[in-house]
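> Listed below are the residues making up each chain.
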Amino acid sequence: MEVMVIGTGADALRLGLKGRLDAAGAEAVEAAFTAQVAGAPGDVLVDIAGVPFAGSLGIRMLISAGRVATRRGRRMILVAPQPPVAEVFSVVALDDLIPVVADEAAALALLAA
Amino acid sequence: MNAQGALRLCLAGTAAAEVGRAQAAAADWLQAQGCAAAVVARAELLIEEVALNILRHGFAATRDAAAEVTVSLQGGRCVLEFADRGVAFDPTRAALPARGDPAREGGFGVPLIRALAQEARYARTPDGRNLLRLVVAEGVLRP
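Sequence order for the protein chains is A and B.
Just so you know, we're using numbering that gives the first Met the number 0 here: the first sequence kicks off at 0 and counts up by one.
Just so you know, we're using numbering that gives the first Met the number 0 here: the second sequence kicks off at 0 and counts up by one.
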């Protein structure tokens, strides 16, 4: 499990998560991921196309990072979940708490709205 | 009951890696039996939610934490059975957190279990064991 900085464009910081966001994956990556979100100069897009699995510890990590962004007056958007991950997000109604969109264009449209 | 063999896994301790090992073994076994990808993914998620909950919240001393997981196909359906000697906990009846409730950060396990299992049966045995039997849902989930 790893966190990557994909780009630091003027419109938003782009982060990528790669690997299984199971209990062990969430524990391994949480500190680094939250630090990236906390240190972002603006809104944050998190590309999760490389995440084939997300369990509840992983979801909890995404929510607390989203809250860190909100407290700093920024938005965090999850981009491009794989179908099994999107299914889990929908079961727990994650998008009540964090926007989840299909691609980067949709994320940028949401930020511009 | 049309049992077609079973995979039995014993988990000990509270390490996330222990649950990860069980998930991977279950996924390999189910794939080898020809299960659909959605069923394998749901089974993995159920194992994580239930086993982690048992190991981390079921025991007063972490050194005692232990759970047994059995994965089988019965009548073509994927069945997960969990047994442990921890405190009594019935996830089929536990209260669900309110939708959109900010306090529910930690409360995803129970709704996930209810949504992803087509059938869930819980029993507390007279000798102090929790037994949970889940049939993994196939096809499209109902909201």
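Rather than coming from a laboratory, the hints here were simulated on the basis of the structure.
What you are looking at is a predicted structure, and each value in this text was computed from that prediction instead of being measured.
C-beta atoms are modelled at their ideal positions from N, C-alpha and C, and glycine is treated no differently.
Heads up, some of the hints might be wrong.
Sample of chain A residues lacking proximity to chain B, with all beta carbon distances greater than 10 angstroms (derived) [as the list claims (entries may be wrong)]:
1. Gly15
2. Gly24
3. Asp42
4. Glu86
Simulated DEER-style distance windows between Cβ atoms [claimed, not checked]:
5. B:Val86 to A:Gln81: 47 to 55 angstroms
6. A:Gly38 to B:Thr124: 46 to 54 angstroms
7. A:Ala105 to B:Arg62: 44 to 52 angstroms
8. B:Gly12 to A:Ala31: 34 to 42 angstroms
9. B:Ala94 to A:Thr7: 23 to 31 angstroms
10. A:Gly49 to B:Leu130: 21 to 29 angstroms
11. B:Pro125 to A:Gly38: 38 to 46 angstroms
12. B:Ala14 to A:Ala31: 38 to 46 angstroms
13. B:Arg20 to A:Ala30: 47 to 55 angstroms
14. A:Val4 to B:Ala14: 45 to 53 angstroms
15. A:Glu26 to B:Ala87: 41 to 49 angstroms
> The structure should be examined with respect to each hint, and the outcome stated for every one.
A quick look at each hint next to the structure:
| no. | hint | verdict |
| --- | --- | --- |
| 1 | Gly15 | 21 angstroms, holds |
| 2 | Gly24 | 8 angstroms, violated |
| 3 | Asp42 | 20 angstroms, holds |
| 4 | Glu86 | 7 angstroms, violated |
| 5 | B:Val86 to A:Gln81: 47 to 55 angstroms | 36 angstroms, violated |
| 6 | A:Gly38 to B:Thr124: 46 to 54 angstroms | 51 angstroms, holds |
| 7 | A:Ala105 to B:Arg62: 44 to 52 angstroms | 48 angstroms, holds |
| 8 | B:Gly12 to A:Ala31: 34 to 42 angstroms | 25 angstroms, violated |
| 9 | B:Ala94 to A:Thr7: 23 to 31 angstroms | 43 angstroms, violated |
| 10 | A:Gly49 to B:Leu130: 21 to 29 angstroms | 38 angstroms, violated |
| 11 | B:Pro125 to A:Gly38: 38 to 46 angstroms | 55 angstroms, violated |
| 12 | B:Ala14 to A:Ala31: 38 to 46 angstroms | 20 angstroms, violated |
| 13 | B:Arg20 to A:Ala30: 47 to 55 angstroms | 23 angstroms, violated |
| 14 | A:Val4 to B:Ala14: 45 to 53 angstroms | 29 angstroms, violated |
| 15 | A:Glu26 to B:Ala87: 41 to 49 angstroms | 28 angstroms, violated |
Checked against the numbered hints given earlier, the structure breaks hints 2, 4, 5, 8, 9, 10, 11, 12, 13, 14 and 15 and satisfies all the rest.
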